[in-house]
Amino acid sequence: MKKRQISDESLNRIIKYLAIIILGFGIILLAIQFSDFWNWILRAIKSVIIPISLAYFSALIIFPLIKYLEKKGVGPRGFSLGLVFVLTVGLIFAAFYFLTPLIINEIKNFFTDDYPVIVDYINNDLRNEFLFGADLYDKIIAYVNETNLIADTVDSFVPKLITSLTNMLLPLLTAFALLPILLIFYLNDYEVIAERMRSIIPSKHEKNVAELSSRLNQTVGAYLRGQLILMVVLGSVATIAYKLIGLKYYFFFGFLVGVTNIIPYFGMLIAAVPPIVYTFIATSGPGPLLVLLVNVAMQFIEGNIFQPLIMSHQLSLHPIIIIISILFFGSLFGAIGVIFASPIAASIKVIYRFFTDLKKEKLKNSTTEATSS
Amino acid sequence: MIKINRPRIYSKYEINSIVFYGTMLLLMPIVLVFTYVFDAFTNNYDVRIYLLILVGITVLFTIIGTIFLLIKRDKLKRMVKATYVQEFYYLVIISIFGILGLVVLYKYLGGSPEYIASILVLSLLLFAYVLLNLGRKYFNLNYGRKK
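Line by line, the protein sequences are chains A and B.
Quick note: the first sequence uses my numbering, first residue 1, plus one each step.
Quick note: the second sequence uses my numbering, first residue 374, plus one each step.
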């Protein structure tokens, strides 16, 4: 049998890839040797990236409004920016001013009215209604008391929780404190910054980069604006629906639906758990089935009507992709990573689609050239 | 003659008319929903007077809006878009609040609470049917189409 010869071109390519792989391993080895240094650099990059991306995403939401005002003759930029800024801050402040007392009041009421009832239920009624019999219940309680299981778990869990919360909250608070300042400067010089960024790019790629950034701004901006409206709408709808069916603490549960909806598809599922659990324990109000029905209806409306409207069919992300991106960006950037996982995934999809289109266009051009010659 | 089965694209005048009259139709339930959730009514306040005021305001807005639409008619008739996603999105949002408002209206008018779930489901189905047809015919959005 004749042995197949490897062409010089293939050999060159293999050597090139091998060199790249070895170089990559070398870099990784070096990075491991100086891991402390790299961690220090990465931490610095992370602390810059979070507020900058937050400002970028917020600008994508706000900038079209400034552009609209300018189109209508409201200017110069400083004035339209100020107007939008005051409006946004006012809106956020009003929402906090009116909603926070209501939610705090509901939480207070829960601890005064329902919490003692729940504790009483667990201590007394649960024993009689226990699925596997009162004997097993007594044995479990005796074991828990004997081993001091709850106290030990709480003792080890609470400090960990406080540490992780502090780790999570500190960058979050810093990012939110920096956000208004960054946003003002970014929005004021939006075009100038874009122009400067473009000037860094070699002229050969300038057209492609401009096209890609325009696509990114358009699709991700539309996605973020839609998601924000969806959060407000679904939060309000949940609050009203919960009140209509007679669920107590409807403001708190509705607020939960609105907040968790920042994570598409799964937010609604997460938000459905507390009211359903509550209706199982509560002595009055609607049954868990009715609450579940309301949540299923809302999930249906969100998944089948709103999501296709917000995201075009081209940008729609598969739920598995969303889970993976939430896990990945959540572990990289914490709470902010979870919040912005889907827009980042959407951006990656836009970039991928852009390069596929570019490749197709190149192929088409080369075929046309070949046929014409 | 070969008949081409191409959907008709409607002008902004038709779309704005649908959106405007839809909003006016649902204005009263939408306002009611927010008064209900924030407990704006005390027990001694007569709801019927409030409803009458709301009807009056809605009629006034409808007249003003109709005049405005008629003035802008020629200009709007020349404006055409391939699809009206934003407008449809708005219509869906107000319809959802409108449905909830209808239930609140039913409750305010003294309806029995045990039928609330049935009314909610029926009105939801009715609105979904109307919206899907409106979306397909006027807004050029077809949900049934495969990706």
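Calculated from the structure, these hints are not laboratory results.
The beta carbon of each residue, even a glycine, is placed where N, CA and C say it ideally should be.
Fair warning: there could be bad hints in the mix.
As the list claims (entries may be wrong) - List time: in silico DSS-like cross-link candidates among lysine-lysine, alpha-carbon distance up to 25 Å: (1) B:K510 x A:K71; (2) A:K204 x A:K71; (3) B:K448 x A:K46; (4) A:K67 x B:K480; (5) B:K480 x A:K71; (6) A:K71 x B:K448; (7) A:K72 x B:K448; (8) B:K385 x A:K248; (9) A:K139 x B:K510; (10) A:K72 x B:K450; (11) A:K72 x B:K480; (12) B:K454 x B:K385.
As the list claims (entries may be wrong) - Some residues of chain A that are not near chain B, with every Cβ distance over 10 Å (derived): (13) V74; (14) S236; (15) T239; (16) K243; (17) I301; (18) E361; (19) T371.
* Unsatisfied constraints (hint numbers, rising) -> 1, 2, 3, 4, 5, 8, 9, 11, 14, 15, 16 and 17
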